[in-house]
Amino acid sequence: MTTTQNPSEAVDLFVSPLGRVEGDLDVRVTVEDGVVTSAWTEAAMFRGFEIILKGKDPQAGLIVTPRVCGICGGSHLYKACYALDTAWSTHVPPNATLVRNIAQACETLQSIPRYFYALFAVDLVNKNYASSPMYDEAVRRFAPYVGTSYQKGVVLSGKPVEVYAIFGGQWPHSSFMVPGGVMCAPNLSDVTRATAILQHWKDAWLEGEWLGCSVERWLEVKSWEDMLAWVDENDSQRNSDCGFFIRYCLDVGLDQYGAGVGNYFSTGTYFEPSLYENPTIDTRNDALIGRSGVYADGTWHAFDHLRVSEDVTHSFYRGDRPLHPWEGETVPVDPKDGREQGKYSWAKSPRYDVPDLGRIPLEAGPLARRVAAGGPGAAAHQDDDPLFVDMINTIGPSVFTRQMARMHEAPKYFQWTMKWLSEIDLQESFYSKPVEHTSGKGFGSTEAARGALSDWIVIEDGKIENYQIVTPTAWNIGPRDSEETLGPIEQALVGTPIVDMTDPVELGHVARSFDSCLVCTVHAYDGKTGRELSQFVINGMV
Amino acid sequence: MSSVLWFQAGACSGNTMSFLNADEPNVVDLIVDFGLEILWHPSLGMELGDNAKKIFTDCVSGEKPLDIFVLEGTVIQGPDGSGRMDMFADRPMIEWVTELCDAASIVVAIGDCACWGGIPAMEPNPSDSTGLQFHKRERGGFLGPDWRSKSGLPVVNIPGCPAHPDWITQILVALATGRAGDIALDDLHRPQTFFKTFTQTGCTRVQFFEYKQSTTSFGEGTRTGCLFYEFGCRGPMTHSPCNRILWNRQSSKTRAGMPCLGCTEPEFPFFDLAKDTVFKTQKISGTIPKEVPEGADHITYMAHAAAARIAAPQWSKEDMFVV
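Sequence order for the protein chains is B and P.
So that you can map any letter, position 358 of the first sequence is 358 in the numbering used here, and since no number is skipped, the others follow by simple counting.
So that you can map any letter, position 296 of the second sequence is 296 in the numbering used here, and since no number is skipped, the others follow by simple counting.
Simulated from the structure, these hints should not be mistaken for lab results.
These numbers were taken from a predicted model, which means no experiment stands behind them.
For every residue, glycine included, the Cβ atom is placed at its ideal position computed from N, Cα and C.
One should not assume that every hint holds.
[Unchecked claim] PhoX-like mimics (lysine-lysine), calculated; alpha carbons at most 25 Å apart, straight line:
| hint | chain 1 | residue 1 | chain 2 | residue 2 |
| --- | --- | --- | --- | --- |
| 1 | P | K275 | B | K463 |
| 2 | B | K54 | B | K463 |
| 3 | P | K136 | B | K433 |
| 4 | B | K54 | P | K280 |
| 5 | B | K419 | B | K222 |
| 6 | B | K54 | P | K136 |
| 7 | P | K283 | B | K433 |
[What the hints assert, rightly or not] Chain B stretches covered by chain P per the calculated footprint, using a threshold of three residues with CB under 8 Å from any CB of chain P:
| hint | region |
| --- | --- |
| 8 | 32-46 |
| 9 | 114-127 |
| 10 | 332-346 |
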């Protein structure tokens, strides 16, 4: 390994592997003058779930799709169920909608601290930051296994999914949501215990460790100015993990790079029970609590699933044009042959046809949700939150902004979940048996912790004729398209400064800020001689 | 101190996520208090760069003793046996798996995928996935039926989709504390201490099973009855401790009203999820369950069922899990 590097030289970094939801992900970047100038993201593993689902029972997706990703398995179940609800025109009792909302939210409440401490924050103790006056404190808190905050955060992250298990039997990998409702019928102590577990989690981690204040106080933060004032309001907030994280990010410059494409995509999640008793695709946007929406070039657009397509120009699949997922195809080619045709990833490239802008890549994830939440026209039951639109307009998107968007959802979703728990009517129904129509088309979607996650199903002769799954990881790590337009993480990597070529932790920050379940090894090659310069591994997501 | 190297091949990370839910010991306990040395794990490994790859190659060469190699996920052999559908650190994952299995004292397959191929290996198996030492119920898999680790053991299978964290942590602790000799394996290489019992053992619905009283619908219908008769529950035919060692310390699928899918058995997902098999009991002549509890036959089952229905007390026909 060579550690010296002439900063004026162009260098290729090959990052292998970097992915964990749909397998490993490799990233190749070109570095010039110490700054990333281009990037290629390569999903390195293929299992073929869409091929497996073809010809199976219509409900097979309830069992199979959670296994696409055990990190977001509950989210896979949630949207697979709504794909069937819309295809079969079911009736879903309000109680069932509440239980689905609670379970989906609890998966996300688990993911937030687990991801933050086990994956993201461990990079904050990288030796590259040793010159920061706050470094010793970062190590004390975030050092893996022994850090005071690491231990609490990782261990307590299991609490919210205890609530999932009360309703769904277990987490990960339950299939308890079914068309027409849920399989469970909770009793009194199920609801009281769930409430108590979440209260404990709030006291022990959310308020006790993370915020240093009440959930209600944090949710008064509506702008970047408010957030800075919140930090300085008192020692408890200033020295909480959140207060410390904000100060540390500004100190080491995590607010300075990783902006991404600046255009966002959210399909929204959580339904207002009374507005979605008969789930249809057309009424979906209005029934959402966490809003959907597309934000591109500074303009908000209503989400329309018909504008989604997948391009396979640079993916290891056959196909010559972008296809809407109902018409989607999954025909793999040998990567050896694919590479000769310029293909480099097992991920397809999801694109959205934005009015007046055409098919463009959009960032999915918590920041995209927060931007949707700041858009105009919120109904009374919908999330209406200007904080991150303000942050994007004042300090811009970055690794830091994306992280804060994710963390902001912990208090918000906690509050929603407690409300939903209180609204369950134990005397009422949790399931309406559906008619299992032998043909139909469905669309189901949700927001997994790491972004928009959707299924499109076509049923014929009582079997699955076509099933296409578009994950947030595909939205974010998808490769170039037929126009050679970079995918969101590819774009976000461009412009990233690399201080130490032998330990380019900055690439890890950018990749991990998308939380695309990444494990990566970085190989650095001299751009001129092809000689390997360095290699490192960025550990995967949880 | 035992050294552990944990890799993910054709995996969804479900077993890792399950592992991170562990308590007594939790993950931090295992490492900090218990002295388990996790050499590297995709989500928990700390070594970066050349240090990480050096760990892998040092394990292969024997320079670094590797006590336990854990594999999560299927062994992806496609296309055409090349393994190019799963590349890891510049090589097909199958090459790492081959070398690390041979280097380790003990090899543990975690979850159905690594044990027998799991969901990716179901028909039509687009990635040519298989398990380490089984392909579904057939012996062999990737390593072959006669393969043994350095310690003389076959691959230890901890199945489930996912495996429960206790099934993982307690076996790791047993191996780490010199109790390998107490781990008796069944004919599918599963630790008997967990997999001798049935999923039904400890199920809160077992009284309804006793009197042949069926749940009639999902949702509020699951306030009573057993899920075996109509909803395809495989609890009486599946070996697991799901109702002895509860999930997330709270519940189990069958307790929550969800039929057992049989995910600790090699055939999972059963019937390849063909039309009309999902959450539906397969029957003969529309009434008799095609599969009866392990060890029973249809004649004795029907005789027992007829007598049980006659004996069924009134409470067994009413809601039990009430508000």
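Against the structure, the hints:
{"no.": "1", "hint": "P/K275 - B/K463", "result": "holds (6 Å)"}
{"no.": "2", "hint": "B/K54 - B/K463", "result": "holds (8 Å)"}
{"no.": "3", "hint": "P/K136 - B/K433", "result": "violated (34 Å)"}
{"no.": "4", "hint": "B/K54 - P/K280", "result": "holds (19 Å)"}
{"no.": "5", "hint": "B/K419 - B/K222", "result": "holds (21 Å)"}
{"no.": "6", "hint": "B/K54 - P/K136", "result": "holds (21 Å)"}
{"no.": "7", "hint": "P/K283 - B/K433", "result": "holds (21 Å)"}
{"no.": "8", "hint": "32-46", "result": "holds (count 3)"}
{"no.": "9", "hint": "114-127", "result": "holds (count 4)"}
{"no.": "10", "hint": "332-346", "result": "holds (count 5)"}
In this structure, the one hint that does not hold is number 3.
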